[in-house]
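Just so you know, the protein sequences line up as chains A and B, in that order. In case it helps, this note's numbering puts the first sequence at residues 1 to 112. In case it helps, this note's numbering puts the second sequence at residues 1 to 355.
Mixed in with the good hints there might be a few duds.
[Stated by the list, open to error] Here are some chain B residues pointing at chain A (derived, C-beta under 8 Å):
(1) Leu99
(2) Ala205
(3) Ser295
(4) Ser308
[Claimed, not checked] Pulled from the structure, derived: some chain B residues nowhere near chain A, Cβ distances all over 12 Å:
(5) Asp47
(6) Glu90
(7) Thr278
(8) Glu282
(9) Arg297
Hints listed in this document are in silico derivations from the structure and should not be mistaken for laboratory results. C-beta atoms are modelled at their ideal positions from N, C-alpha and C, and glycine is treated no differently.
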Amino acid sequence: MGFLSKLFGSRPVIQQLPSGSITVSRNGDVLTTTVSSTYPRALLREIAREVLRQFYEARQAQLALEELSLHFGSLRITARQIQGGAVIFISPQSAQTSAATANIKTLIPSKN
Amino acid sequence: MGRTSSILVVDDDADWLEICRDILAQLPSKAEIRTAGTGARAIAQLDSQPSRLLICDLKMPKVDGLQVLAIVRRRFPDLRTVVLTGLEGEEYRSRAYSLGVDMFWLKTEMQQNTKMFLDCVESLLGDDGAGGFRGIQSKSLMDIIQLECMSRNSTLLQIMRGPLVGKIWIRDGELIDAEVGNARGEAAFHRILHWKSGSFETRPAETERERTIFKSANALLLESAQALDESNNPQTEFIERGEHQKTVWRLSLLAAEGAEFVVTAPAEATGKIETIGTSSAETMSAWARRAVENSRRLGERLGAGPLSHVAGGGLQLRLLVLPREDKSVLVGWPADADDSHLLERAQKLVASWDS
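Just chain A, with the same shape it has in the complex:
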């Protein structure tokens, strides 16, 4: 490996987008995940905490949310609140998928 680094030199790293799901405890700890193990765990925890915070702040504002989705240009984060914690789905968006606005109900299996 050292030989290859010397040969090709270091290159800027392209930040990878996460893809998969996370189960988060009420304390924001990541319990299980299907996101690639190469993805930084610290960023997964940030996602988890942000989602929990938004659920909490919504409750404080008298907006009782069970589902939440954050739509970015190239990533969608959808979450369903479960017993204080949450299950979070993270899906990178291609040009095609982001054009078609997905319905949160189709992304998150219904509890019923």
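Put chain B on the given structure of chain A with help from the hints.
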């Protein structure tokens, strides 16, 4: 018992006819139940043995239900008619009502709510002496409500507009309550009155319904008529530019997109919040601003691109926050709103918000 207490059920499904027979046997009036397997047989039976009520399926071979209904409307004008079908779709409901049917029921609804179905059928059977016209499609909802109130009737008007269902309770000619989505009372009444088209059914009165509307029917109808006039003529808003006109315009936008409330969240916490449809604007606005700020920050950390919107849903509402440069806009809908086009509806609403 004779003519006033016989019901003819027509359906090409013999098993379903048996189910209907069993259910209708529970009617307090103990009406005679007759059945026919085709539309032609049903008409022949009506010729030989007049009935008080016809319950008709729509999808039948050779002569379908709509054809049967068109024929009986001409030949037996006093016959009360109920459509009982498995065909979901506003066009069937609308076509049936345009033929003057008294009620339209889906088979699944009837099985889930047998008691209400029987109450409705019983009320049609018991209404023998009363006259009345059917086929009032060309009348507006205001006309219908005015008629019910002037006649001092007690009834439940159920108004359907696509997936939306509104209910207006009238007792002894007075408006008692209205409901659509999560809205109740006057707010719900005005929202229903904004619907320009749809279909309606009259259901048996619910005498125990809690009263939430205390204004007179005429006063409420007048308010709705004024709001409708103004929303139908939006150009005047540009000329007058008064706060009142702006509110009316925004109310009409809200109604047009089926939304329940709109709250703006200025980028600066001290900025002016604009709102319509909710009294909790400050807390909602603060939440929307923080949600946008925090989501943007997260998006930057993840390299996820610009924030398009934040969506949320719960048992009582669905909402969307659209981030803009100077302010974000939070739009809320009732939980049962069809959310397949909420983003487009929110974008439309926001685009017209400052018009």
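For which of the previously enumerated hints does the structure constitute a violation, in increasing order of number?
1, 2, 7, 8 and 9
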